[in-house]
Structure formats: C-alpha cells, structure tokens
Amino acid sequence: MSTQSGIGQALAELVGRLTPDEKREFARSLGWKELEVLRRQGPVPGLADEGTVAHPGRRVGEPQVYVGTISDGLALELPVECVAAFVKRLPTILSVSSVEVYLRRNGGGEEHQVSAEEFAGFLDAHQDVLLEGSLMMELGSATLVSGGGGCMRLVLEGISGEVRRRLATEALRTCGFDYELRGDSFTAAMWDDELEVAEH
Amino acid sequence: MKKNVKSTVSFFGLLIAHSQREYEPSPEHVLKRMFLPLCDHLTEIVEKGTKNDAWDVIEGFVRECHRLE
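Line by line, the protein sequences give chains S and B. Position 22, counted from 1, in the first sequence is what the working numbering calls 22; the numbers after and before it change by one each time, with no gaps. Add 1000 to the 1-based position in the second sequence for the working numbering, that's all there is to it.
Think of the hints as simulated: they come from the structure by calculation, not from any bench. Mixed in with the good hints there might be a few duds.
[Unchecked claim] Straight-line C-alpha distance at most 35 Å; calculated DSBU-like pairs for lysine-lysine:
hint	chain 1	residue 1	chain 2	residue 2
1	B	K1006	B	K1032
2	S	K88	B	K1006
3	B	K1048	S	K88
Could you put the whole structure together from the sequences, leaning on the hints where they help?
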C-alpha cells in the first residue's frame, strides 16, 4: 500500500543517494515545514504500485477455507489436510467410473487412467503431487486443476447447480463445517476461525 | 485436446479465477500455485511440443479470456 510511510521510504532512499554536499544543500532548501506539507499531501498520483494497493475493505491474503462459485464451476482453497478427503469423494458425487489424471513431476507430465474403485489408493500413492505439486483430473465432463496447497478450480460444464452445491457442501464438510449451501452462487470463506457465507 | 495443453489452459483459468475473488490473494500464492505451474507447462510446450500444441494453448487462453466478458 502506498502510504505516508511509503513517501518517507522514497525520500530516505533519495537522500541516501546524495553526496554529503548535496545532503547539506537538500537540508538547507527543504525545511521541516515543506516536509510536513509533503506528508499531508499523501501518495503521489501515478507513482503508486498498482500491485501493492489494497482495495479498501478487501481482505488480503488467503482465507483458511474458501469455497465459491465461478462462472463455470467452483473455486476452492482448502487446508491441505482436507484436500485428499474431498478429492476422493469426487467420483461418487459426479457419478463417474474412472478418472483421467495428468500430473506434473520433475518438469514432465504423467498420464494415468484410474478406476473409481482404485482412485482413493491412487491418491494415497501420489499425495506429494496432490498436496504440493500441480495436477489436472478429468472426471467425466468435470475438470479439476490443482496448484497444490489446497488451491483448486473445479470446472463443471454441463453439470447441474444441485451437484455444484453438493460438491461445495461436501468441501465444507471435509473441513469440519456442517453447512448446506442453497443459492445458485455463493462464497463461503473462513477468516480468523469464523466461516462467512454469502449466498445469492 | 492433449492433456498437457488442457492442463496449461486450466492453470491460466485458475489464475483468472483468482483475479475475481472478493479478497486479494497474496503474491506468494499466485506465484507458487499458478505462475510456477503455468511456466512449467509452457516450458515443456516450447521445448517438446508441436506448433499445433502452442496454437491450441493460445486458443485455450483466448477461450478463458472470453469468460471475462
């Protein structure tokens, strides 16, 4: 965030680059009153780094849990200890008999076709990639992509809103929340150990 | 569509999905969970893929971009 302290930091950096003579000249020409005026003026328009300016009222950083609708499915941020339990439930909820898995290891890709019966065992054997690597899973017309750390996107093209709500409810349940989502679009996010739900 | 191509496009979609959150994901999260996997995928496409793969990735990116409209 570009703040008064940001201006102070920029000034300190500027002064730090001056020679001793230039510093004396700087101190003579810019008194305390001028510095106070600068401080009150706040950020200089156009100098703020867009990437570091927080939108007022928006939280910054990752929630402990996040389950929300997106245009084509669900966005999820789950604690790593909940990830395997949730993913193992997907073939049943999506009613698929096999899963095609594409996972990345050491700069290369591996393709696996796994039956629904063997899926849980497969995930146990590949926990390293599931929890910290990157992978994509195709479950019928649904596609799950995970960047590790519980960060996932579940594309649900052609899949009903009811199944979408069921998946989201199941994601919350695996994280210890007994909350049934009912809206067509929703977000459920846990911040500071409290679940905040918005449904539309 | 080849798995590596679809996976590449999916990570781009994951990145877009983060831009629409109600909160601001940390730069570390965006780097580790999206950009690094995306770069890993793209590197393989450039080094071992075909021109068709590269084109399919770009078309996939554009499809994801259309979701923003």
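Consistency of the hints with the structure:
1. B:K1006 with B:K1032: 19 Å, holds
2. S:K88 with B:K1006: 22 Å, holds
3. B:K1048 with S:K88: Measuring from Cα to Cα gives roughly 32 Å; hence the hint holds.
Checked against the numbered hints given earlier, the structure satisfies every one of them.
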